[in-house]
Every structure is written in C-alpha cells, then in structure tokens.
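A.B. asks: Line by line, the protein sequences give chains A and B.
When we follow our numbering, the leftmost residue of the first sequence carries the number 7, and every step to the right adds one.
When we follow our numbering, the leftmost residue of the second sequence carries the number 7, and every step to the right adds one.
Possibly wrong hints are sitting among the right ones.
[What the hints assert, rightly or not] Here are the in silico distance ranges between beta carbons for each label pair: (1) B:Thr80 with A:Gly161: 32 to 42 Å; (2) A:Tyr265 with B:Gly391: 19 to 29 Å; (3) B:Asp194 with A:Gly161: 49 to 59 Å.
[What the hints assert, rightly or not] Calculated cross-link-like contacts (lysine to any residue; reagent style SDA-like; alpha-carbon spacing at most 20 Å): (4) B:Lys310 with A:Leu14; (5) B:Lys310 with A:Asp11; (6) B:Lys388 with B:Glu363; (7) A:Lys74 with B:Pro121; (8) B:Lys74 with A:Arg12; (9) B:Lys74 with A:Val19; (10) B:Lys74 with A:Leu70; (11) B:Lys74 with A:His115.
[As the list claims (entries may be wrong)] Here are some, though not all, of the chain A residues that point toward chain B, as calculated from beta-carbon distances under 8 Å: (12) Glu20; (13) Asp21; (14) Leu23; (15) Ile50; (16) Glu58; (17) Asp77; (18) His115; (19) Thr364; (20) Thr375.
For the record, the hints were derived by calculation from the structure and aren't laboratory data.
Built from N, CA and C at the ideal position, the CB exists for glycine as well.
Number of protein chains: 2
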Amino acid sequence: MTISDRWLLPDGVEDILPPLAGKIESLRRELMDTYQRWGYQLVIPPLIEYLESLLTGTGNDLALQTFKLTDQLTGRMMGVRADMTPQAARIDAHTLRQEGVTRLCYAGHVLHTRPPHMLTGRTPIQAGCELFGSQSPVADREVIALMLESLRLAGLPRIHLDLAHVSIYQELVAAAGFDQDTEQRIFDAMRRKSVPELDQLLAAYPPGSPAARLRQLARISGGREALAEARVALEGASLVIDSALQQLELLAEDLAAGYPEVELGFDFCELRGYNYHTGLVFAAYAPGHGEALAKGGRYDAIGKDFGRARPATGFSVDVRALVGLGHRVVNRPGAIWAPADADPALAGVIAELRMTETVIQALPEDGQTDPRTRRCDRQLVKQDGQWAIQRLD
Amino acid sequence: MTISDRWLLPDGVEDILPPLAGKIESLRRELMDTYQRWGYQLVIPPLIEYLESLLTGTGNDLALQTFKLTDQLTGRMMGVRADMTPQAARIDAHTLRQEGVTRLCYAGHVLHTRPPHMLTGRTPIQAGCELFGSQSPVADREVIALMLESLRLAGLPRIHLDLAHVSIYQELVAAAGFDQDTEQRIFDAMRRKSVPELDQLLAAYPPGSPAARLRQLARISGGREALAEARVALEGASLVIDSALQQLELLAEDLAAGYPEVELGFDFCELRGYNYHTGLVFAAYAPGHGEALAKGGRYDAIGKDFGRARPATGFSVDVRALVGLGHRVVNRPGAIWAPADADPALAGVIAELRMTETVIQALPEDGQTDPRTRRCDRQLVKQDGQWAIQRLD
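In isolation and in its complexed conformation, chain A is listed as follows (with noise of 0.2 Å):
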C-alpha cells in the first residue's frame, strides 16, 4: 500500500464532514429529546459483547451480518452489535428487571459485516425505542406513532408505511407440515419473493389447504384493498390468521384517521429483515429509495431467553440515511474573528462572548486570512483601548 491509497476507506465506509456532521448531530439529539419527552429512558449499550448475548434469540441474519472478535482476556467469541434491539431487550430482562411497563431509547453506530443493500453503508447511526411489558395494540400504536415523528423531525414529507404482520406465515407453513428441506426452500423463496418459484414448490397442493393459501398470500400486496383481499384468501385458516388480520385492520383505520398523509401498504409474507419479530411488523420508506428507513415490530421471544420472557415491540431508524433523504434545515450563526493578541482583556471579551457564541481566535499563522472564509460574519476590534465587536461585509 503506497501513500497515495493509505487514506481510502472500505466500501460502505464514509468519513462523515461538516456541515452533514453537524445536521446528524442535531437530529440525533431532537430524536433523543422527543423519544425523552415520550417517557423512554437513554440507555448506552455497550459497542461489543460475547456473541451469545448479542445473537440469543436473533435469527441467521442479524449473525451473518456481525463482525466477530476474539476476547483477548477469555479466549471467548465476541461480536460488535449489528442490531441494539436484542441489546435493549437484554437490559430490560436482565440488567434493569424492572416491574412493569419500561420504555427505553438508545442511540449509536451499529456495524454490519456486509451492506444490507446497495443504497446504504456498513456503520448506520442506529437511533431507536423499545417498550417492554406490554403486549397491548395500544404499545405499537405509540411506538409507530414515535416513528412516523422521527421521520416528520427528519423533514421527510412523504413516507410510506409497509405493514405485515410475521404469524400469519408462521401459522400456515405450521398446518402446512413441510418437510425441512420444502420449509426453507419456501422460505428462500417467499424472502425473495419469487413467485414462479412459489408456483412451482406449492402447485401440488390441493384448493384452500394451508399451503395453496401460502401461494395465494404471495401474490397479494398494495393498499388497504389488499387487506380485504387477504381476509378473503385466508378466511376461516385459523383463529391466530384472524386475530393477526384484525389487528391489522384496526391499526389501518386508526393509522388512516391519525396520519392521513402517510400512504399505507399491506405485504402478508414480509420476512426481510426480520430477525427476531413474532407478530405485527412495520418499515417506513421514502419515494425513490428502496430501503426501509426505519423499521420495528413485536418481539415477545427475545426477554425469554435472557431469562426473562416480557412482551416487547419498538422501532429504530438510521439517523445518517434520514439526514441524507430529509430536507432539515439547520441554521448556524456565523462565528466572531477574534485577532492574534495576547491581550488579557481580549481574551476577558472571548471567554465571555464564548458563553453564548462561536469564537474563533487568529493563530500566527493566520496572517491575512480573510475571516469570511472562516465562517465568521463579525469580528473582534480595539476601538479606544476598547474591545468592539465590529460587523464583517
């Protein structure tokens, strides 16, 4: 590696400079404040953990995607989190156990071992909310509402919203009785959503048993028209497939009647990139970007494993992909010159001005840098012995 390439990044990897930085910052912190304001305490997971912990109850994907290090004091297998859900559902069943509803918040760079998607980067800026003990409808409808306002702070005017909900799959390929081999196969095929594959694996099948209903669930999609569609294919399947479409016919009309700019869309066997859900999925998405911008779902399984089974649903967006799609604003005021004078009052006049301003102070170096190329639209003068604060043209 010669000098001239030292400085190249890998794929997926970006040096992230002002003013982006500083709009990252800034949101970062509104989301922060608002999910504060909503009653969801910060917690800061740790970076790196045995891989164990990272992984319990966390399916395939979420392990082909984290880095492993080994623990040079233990000898043991480590990972640098891919995902801090499972590290928040960790916290609440173990290392916070407490009693009752617990909402917590979080926000950092996550590390994916490959991009998930050509759109986006190895290191997202994971910011996010977790609702433990509740396995009410009313627990998603906040958590989805917490979303749908992260992407509104974001300055994204148009969003849309893909609900699934993963028992419904989970039921039929159950009365189904695949054999192993036919279940993955189905599997691949659904995640891909190949459905000439689907034709193929599921033709055999007589009319209305559990596995034809999985065939005719693959080609329904779209709007609240799917819905009805699907209460239609699946009618009578079972009392789990209805109470999962109930639900989701419930949280349509409210989502409809509360967000009616948001445009919604059904997909009944979504199973991308979720890793650890067992009931009512969501991913939001912006026009033109393929993507899921912020996704959640429930996860009641996760806690069990620590010990601890609790019903739990949350969200999480990537702070650096919303910067990068919204139209946020933030304004900056210009910065104050200050000269290289080793004046003691001047340097009384900044401390103090530094209270409440952006002072940047001439270094020798500085010679006749003009201070407009510094971000600075005043500047510091000595007028009669005096420090004055003098307007820059």
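Given the structure of chain A, go ahead and fit chain B onto it with the hints provided.
C.D. replies: What follows is chain B alone, placed relative to chain A:
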C-alpha cells in the same frame, strides 16, 4: 452457555443505564457545543477503517490495542478504531484538505483489545479536539485551555496536569548512539519507570554523556522545581532540548497565571500512551485516580503519511470516566402521567405538552401503577370535561 449466564458481559464492557446514561449524554452535548463555540467543527469518523490507514504514523501500542476484522468484500484487514485522533489527522490531510488552520472536534466510542488500566473499560467514549496547520505554542495553549475547560464542565474540582516533551528523550537517545537492542531495553525500562534497571543499563557511560543524562533525567520529576533541575542536568545537551525546556517553562508560567488552581507536574521521560506524538505532551489526572482523564499533545508527522505534512496539536477526554469521577448534576424535571384513555382531546393535550414536557401515557398493563414510581410529579385528570394537570404529592 446456559440461560443463567447468557447475559454476562465481557470484562471492561458495560451497560450504561439511566440516570448515568443521561449524565453522559448531557456532558457529551455540552463538550461538543463548547468545542464548536471555540471554532472546532464537528466530524464523524468511521468506526472501522483499513488497518493501514487506522495505524498510519502511530506506534506499536495502538496496533496492539486495535481489534482486527476481515473485510468480507475485499479480504483486506480492517480495524475498529482504538483512537480517533489519527482519523481526524487523515480527514484533515486527505478528506477536507482545507487551506490554513483547521480545527476539528469529535465524540464517539472507541474500542480496545485490553483495558489499558485496571480502572478503565475497553469501550471508552472519546471526545476531543484537533488543531491542524499551526506550529505556534499559542495553538498548544489553546487546546490545553479547552481540555481544562472540558474537565471544569465535568465538575472536576482538583486537576493535576502533567507536562512533558518527547523530543528530550528522542534527542538524548539519538545522541547516545545505542545499538538497537540496548535502545529497546532502555525504552522499555523508561516506560516502566524502572530506575534500578536504567542504572544498570546506563552505569558504564561517563558523566555528561547523553546516556548518563538519560539516567539522571529518569530521577527528575515533580512540580516546577523539577523543571529547574532538568535545566541543570541538560545544560548544553542540544539546541532542540534547550528549546523544548524553554517551551515547557513558558507554558508553565502561562498556566500558573491562568489556572492557579491546576497543579502542574513534569516528567521528562513520560513515554506511556503517546503513540504518535512529536513534541509537547500533556495529561490531566484527578486525585486518587491513576489513569489520565484527558491527554494530548503535538503530533506533526501523521499528516505527511497521508500525503500532506501538517503541524498538529490536540487532546481527547474519556467522557465516561469524566462523568464517573466528576460531580455533574443534571436536573431533569418530573414527568406528567396521562391515563390510558382513547379520548382524542387527551391526545391533543399530550402532543401539546410534549413540546416541552415529558408525558408518560399509561398502557392497559399499568393498572393501578402509582405514577410517582415512574418519575412523575404531575398527572392529567379530566375535570368538568376538560383535561387538567394535577400535582402529585
């Protein structure tokens, strides 16, 4: 691994819970705001880089502290940053390439393979400032002032500041002309401050020789009187050493005048933890805590390795350690409890209040929860058909 220890975290790795997490977030924000008011612009360097760029211009210590990962996209070695200063130097030299003086600040997690000290963790939250493009001692004074301001903001009342200059050791070793093996043994003994070992290694050299001066110097440390002793011991050794001592003297005078409450110390052979420094170095300690809370210095060589020679000086602090040792009070006002009532008027009142207040809405599971156990000092109640705030006693 059984359920009972699945939650175990590695040594030196921790969950940061409320209210500590809130204190860390609040100090982090205040530091970033302060750095920006001094003219330092925020950058967000990546969590991972190729090992070559991460370790360019740095010493072996940093290489040992850095976790290595394989990039699955290219097969090349990457590292998780163990220090953000070299990243800032790369950004200045290559990514930003601004003319003249550049001031950058940052905050984020870094990761260490082993805890550098019994008292510290492996995932510190590093915040810091770097100043590029000035070789003036005024630049060093600016970053030291900002470092001391950081410690003041953390609520640390008593600070001990150690000053040193790496060129003193470097000049004496170069002048002594040791063979490589001896030089390494002297370096190791100096780092461990083992005076008996140095006596043995350096006993054969005549008085007044560079080697004898090294031996003498290892014994000199303490307050400003140590500076005078060093002056005598190093008289006529070299022009570079004279100038280093003079810089230390001027700085000491300056700091004694500006920060009479800060206790100054000098250690002329301090080599621990300075991985890439080339001149003045400094470290701040709190009484009774053996590990430096903040440290920094001059490093004029890293930029060159990225294709652009730039004088540089800066410092960084461990935000987690500062909050642990400091006496920082964060007053978070009590929250308002709202009942689990679907009244749209209540939703409106809550949304309004959340512009400035924390409102926690009850969920069905909350039942007879006492709001005072949930950080609430007020609650919303319906009086004559209107929602009103009632104080909780």
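A.B. asks: All hints, please: hold or fail.
C.D. replies: So, going through the hints one by one against the coordinates:
no., hint, result
1, B:Thr80 with A:Gly161: 32 to 42 Å, "holds (35 Å)"
2, A:Tyr265 with B:Gly391: 19 to 29 Å, "holds (27 Å)"
3, B:Asp194 with A:Gly161: 49 to 59 Å, "holds (56 Å)"
4, B:Lys310 with A:Leu14, "holds (15 Å)"
5, B:Lys310 with A:Asp11, "holds (13 Å)"
6, B:Lys388 with B:Glu363, "holds (19 Å)"
7, A:Lys74 with B:Pro121, "holds (19 Å)"
8, B:Lys74 with A:Arg12, "holds (17 Å)"
9, B:Lys74 with A:Val19, "holds (16 Å)"
10, B:Lys74 with A:Leu70, "holds (17 Å)"
11, B:Lys74 with A:His115, "holds (18 Å)"
12, Glu20, "holds (6 Å)"
13, Asp21, "holds (5 Å)"
14, Leu23, "holds (6 Å)"
15, Ile50, "holds (4 Å)"
16, Glu58, "holds (5 Å)"
17, Asp77, "holds (5 Å)"
18, His115, "holds (5 Å)"
19, Thr364, "holds (5 Å)"
20, Thr375, "holds (6 Å)"
Violated hints: none; the structure is consistent with every hint.
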